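Asker: Just so you know, the protein sequences line up as chains A and B, in that order. Heads up, the first sequence is in the numbering used here, so the first residue is 1 and it goes up one at a time. Heads up, the second sequence is in the numbering used here, so the first residue is 1 and it goes up one at a time.
It is worth saying that the hints were derived from the structure and are not from the lab. Certain hints may be false.
[Said to hold, decoys possible] Derived, one-sided and incomplete: chain A residues facing chain B with beta-carbon distance under 8 angstroms:
| id | residue |
| --- | --- |
| 1 | D25 |
| 2 | E36 |
| 3 | L39 |
| 4 | G70 |
| 5 | V81 |
| 6 | M83 |
Model, not experiment: these values are computed from the prediction. Heads up, the beta-carbon is just placed ideally off N, CA and C, and yes, glycines get one too.
Letter by letter, the chains look like this.
Number of protein chains: 2
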Amino acid sequence: MDAPPRSLDERLRDTAALLSATGADTWVATASAAGEAYLVPLSFGWTGEAVVLVTERRSPTARNLIAKRGARLAFGGTRDVVMVDGELAGEPAAVPDADAELVEVFVTQSGWDPRPMGDAADYDVFAVRPVGVQAWREGNEIAGRTLMRDGEWLGPVDVR
Amino acid sequence: MDAPPRSLDERLRDTAALLSATGADTWVATASAAGEAYLVPLSFGWTGEAVVLVTERRSPTARNLIAKRGARLAFGGTRDVVMVDGELAGEPAAVPDADAELVEVFVTQSGWDPRPMGDAADYDVFAVRPVGVQAWREGNEIAGRTLMRDGEWLGPVDVR
Numbered sequence: 001m002d003a004p005p006r007s008l009d010e011r012l013r014d015t016a017a018l019l020s021a022t023g024a025d026t027w028v029a030t031a032s033a034a035g036e037a038y039l040v041p042l043s044f045g046w047t048g049e050a051v052v053l054v055t056e057r058r059s060p061t062a063r064n065l066i067a068k069r070g071a072r073l074a075f076g077g078t079r080d081v082v083m084v085d086g087e088l089a090g091e092p093a094a095v096p097d098a099d100a101e102l103v104e105v106f107v108t109q110s111g112w113d114p115r116p117m118g119d120a121a122d123y124d125v126f127a128v129r130p131v132g133v134q135a136w137r138e139g140n141e142i143a144g145r146t147l148m149r150d151g152e153w154l155g156p157v158d159v160r
Numbered sequence: 001m002d003a004p005p006r007s008l009d010e011r012l013r014d015t016a017a018l019l020s021a022t023g024a025d026t027w028v029a030t031a032s033a034a035g036e037a038y039l040v041p042l043s044f045g046w047t048g049e050a051v052v053l054v055t056e057r058r059s060p061t062a063r064n065l066i067a068k069r070g071a072r073l074a075f076g077g078t079r080d081v082v083m084v085d086g087e088l089a090g091e092p093a094a095v096p097d098a099d100a101e102l103v104e105v106f107v108t109q110s111g112w113d114p115r116p117m118g119d120a121a122d123y124d125v126f127a128v129r130p131v132g133v134q135a136w137r138e139g140n141e142i143a144g145r146t147l148m149r150d151g152e153w154l155g156p157v158d159v160r
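With the rest of the complex left out, here is chain A:
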């Protein structure tokens, strides 16, 4: 609680860094058609406009993303967190059929390449576009935590 709260600009910069971090995971919370919460950590990529996820089509996360077209994602740690409310952008596609640029962003940033896998066709590529973003560290950063509202960043941010 000792560090002073970061400015909007600092939070935007730190958020861009977390979204662009290599070899990291994001916590992906989704809800099922029946309304049950699901949560799992996944590798990710960041195109500057969307978070790219790759997961098995039969997994709860894939099913929920398709059913609800939304997810809430957490980046960073519990005391240096970026929370993203996101909407599914476009339609998911199997790894071999997916937009090559999306897959390339994912592979380069995550360090995991699903393309050579024998069952790559069982994995879907999802693009999740942020519509709301918040960032905070400790209690003194709850005020001012909103960085994006209704899909609009509240300040300039170099997201790549």
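Given chain A's structure and the hints, the job is docking chain B onto it.
Answerer: Structure of chain B alone, referenced to chain A:
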């Protein structure tokens, strides 16, 4: 990916340690009555039978817990994770009215005491009992990740 997968006993021991860790947070995923996923990090305590959470009654997490009586919790990091599917045990109560033992477990373990707060009555205490638990580190630990099924630990575990 290099470390060999842990045995069931090792995972049970490590899980007990994560659930009993002091000053840590858990990721709490809930679903709203409308079926939207919510996710937030919260301080916690562990009684040996239930995870104790304290949060504002008007927060989405509190509302969702009350509406759905369930949550999915993550403990540890994305590559050393314990996932808990939990059910709300009993009824939540405002901090000043809550079971003193639950509150004591929470305060001692989390290091945060909500009782002296001027608005303590606006915070509810929740007990979330695990019904399913999984623990894994890397891909080679996906097999054997289930530690509790239908509320029963699959091996002896010293949970306190």
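Asker: Now look at each hint and say whether the structure bears it out.
Answerer: Hints versus structure:
no.: 1; hint: D25; in the structure: 4 angstroms, holds
no.: 2; hint: E36; in the structure: 6 angstroms, holds
no.: 3; hint: L39; in the structure: 4 angstroms, holds
no.: 4; hint: G70; in the structure: 7 angstroms, holds
no.: 5; hint: V81; in the structure: 6 angstroms, holds
no.: 6; hint: M83; in the structure: 7 angstroms, holds
The structure is consistent with each of the numbered hints, conforming to all of them.
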